[in-house]
Amino acid sequence: MIKVRVKISAVGSTDQDAVGLINNFLHSMFSQVDISFNQKLVSPPNNAYAYRAYIETLLNYGRDAKDCHLQNSLWSKDTAGLFNVPRGGAKATNEEAIIVFNHGMEERARMIVGEKVIELMGHIHSDVFNQDKFLLNGVDMRLRFVRAKDSFCLIDATQKNFKVKLVDACLLVRRAKLNPAVLLGHAKSLSKTTAKYPLTRVEVKSFVLHRGTTGKTIDNAILSQLPKRVILGFVDNAAFNGNKDKNPFDFQNWGINFLSLYVDGVQVPGRPLMPNFDSDCHLDAESYNTLFSGTGIHFADHGMDISRGEYRDGYCLFAFDLTPDLSANCATHWNLVKTGSLRIEVQFDSATKTNLNCILYAEYDNILEIDSTRQIIVDYNS
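Anchor point for the sequence shown: position 26 equals 26 in my numbering, and the numbering is continuous, going up by one each time.
Possibly wrong hints are sitting among the right ones.
Think about it this way: if two alpha-carbon atoms lie no more than 30 Å apart in a straight line, the pair counts; the simulated DSS-like pairs of lysine-lysine are [unchecked claim]:
| id | residue 1 | residue 2 |
| --- | --- | --- |
| 1 | Lys116 | Lys196 |
| 2 | Lys205 | Lys177 |
| 3 | Lys40 | Lys196 |
| 4 | Lys163 | Lys3 |
Here are the simulated distance ranges between beta carbons [as the list claims (entries may be wrong)]:
| id | residue 1 | residue 2 | range |
| --- | --- | --- | --- |
| 5 | Ser293 | Val208 | 25 to 33 Å |
| 6 | Leu283 | Trp334 | 16 to 24 Å |
| 7 | Ser206 | Ser293 | 22 to 30 Å |
| 8 | Asp168 | Asp264 | 46 to 54 Å |
| 9 | Gly265 | Gly114 | 23 to 31 Å |
| 10 | Gly12 | Asp168 | 23 to 31 Å |
| 11 | Ser279 | Phe134 | 49 to 57 Å |
| 12 | Gly12 | Leu41 | 56 to 64 Å |
| 13 | Met141 | Gln71 | 23 to 31 Å |
| 14 | Met1 | Gly303 | 34 to 42 Å |
| 15 | Met1 | Leu283 | 25 to 33 Å |
| 16 | Val146 | His123 | 17 to 25 Å |
| 17 | Asp264 | Asn381 | 16 to 24 Å |
| 18 | Asp67 | Ser279 | 24 to 32 Å |
Source of the hints: derived by calculation from the structure; they are not laboratory data.
Note that the coordinates shown come from a computational prediction; the quantities given were computed from them, not determined experimentally.
Note that CB positions come from ideal geometry on N, CA and C, so glycine has one too.
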């Protein structure tokens, strides 16, 4: 786990400044987290850590957790349709007398008023930290955190150029002292074989869709090993690159009326998703249902705190379980590893009015091995 103390400050700031934090701020303030074992990089080298942490938190936890321990990482649910509203509210569209508020933004902003130092704490979203085995002794572990741009993790309606200042950071690591007999047993076993760590490896990719397009085919979105689960979402390109007026986690529906995956030319699912997100229509049930069928909680007695009405206004993600028996959520159940290519096809009701980024979150089954000389062996490219 990581614990940090941060504050938000600017020259001439006041308690009334319209500045706030985006959701899941502990993780959103970092663009990349690199994990190395004995100088071997074992984490994906990309700058989409904030999206990985947000998607995993959003889809893997229900309301009880989000209203409880996840607030340690400053999780506070954004009001659907109002992701870009700054602290203090804004006038409703075509309703000058009505002020609307993003209640999640207001709750997070209250904690930083007056340049207060706030303490945040949470687990690191990394493949090697999501498995339950202890790391062997004699392995040097190094972590490198890369800060995201302030314009990415702040919603700032002022002209004061607010900055995120990291006051203190601490890494919390659990260590176990083993009986010498156990260590001897490990050494004996390692002389014959390697220590194997099954991992659910996560990869996050981004593809740009240019303004004015009515449809896009993304060929070879994934090439080589095929994932067991894929989650797709679309965000504004300016927000993705860091715009202090736009929330990078605003997954709008953008008028999508066709979405399908093709694995080695075979359509998944058997028929494409063809939602209608018009305000007077409710023809999005199949798309909304992918949040449950694609994440392993189909027909379960718990959810993820996303209502059907909220889904189309900022929480529009599409999840696909690509395993033959829908077992992508089973950590102890593995399917045969397959290689091939994955293609994405998406169409819109009308030409897009801005550049978009397609965020692709993919999960794979992989193994990390450590031999008697503490050499790190992985069956994937890191």
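**OP:** With 25 to 33 Å as the target window, see if Met1 and Leu283 comply at their CB atoms.
**Re:** violated (43 Å)
Subject >> Proposed proximity, Lys177 with Lys205 (alpha carbon, max 30 Å) >> reply: violated (39 Å)
**OP:** Return holds or violated for the Cβ distance of Leu283 and Trp334 against the range 16 to 24 Å.
**Re:** violated (37 Å)
Subject >> Restraint check for Lys163 with Lys3, where alpha carbons must lie at most 30 Å apart >> reply: holds (19 Å)
Original post:
CA of Lys116 to CA of Lys196, is that 30 Å or under?
Top reply: violated (45 Å)
Subject >> CB-CB spacing for Val208 and Ser293 relative to the 25 to 33 Å hint >> reply: holds (29 Å)
Subject >> Verdict for Ser279, Phe134 (Cβ pair) under range 49 to 57 Å >> reply: holds (53 Å)
Original post:
Measuring from beta carbon to beta carbon, are Met141 and Gln71 in 23 to 31 Å?
Top reply: holds (28 Å)
**OP:** Hint says 34 to 42 Å; check whether the CB-CB distance for Met1 and Gly303 agrees.
**Re:** violated (26 Å)
**OP:** Using the Cβ atoms, figure out if Asp264 sits within 16 to 24 Å of Asn381.
**Re:** Cβ of Asp264 to Cβ of Asn381: about 20 Å, so the range 16 to 24 Å holds.
**OP:** Note whether the CB distance of Gly12 and Asp168 lies within 23 to 31 Å or breaks it.
**Re:** holds (25 Å)
Original post:
Taking the beta carbons of Val146 and His123, is their distance inside 17 to 25 Å?
Top reply: holds (18 Å)
In this structure, the hints that do not hold are numbers 1, 2, 6, 9, 12, 14 and 15, in rising order.
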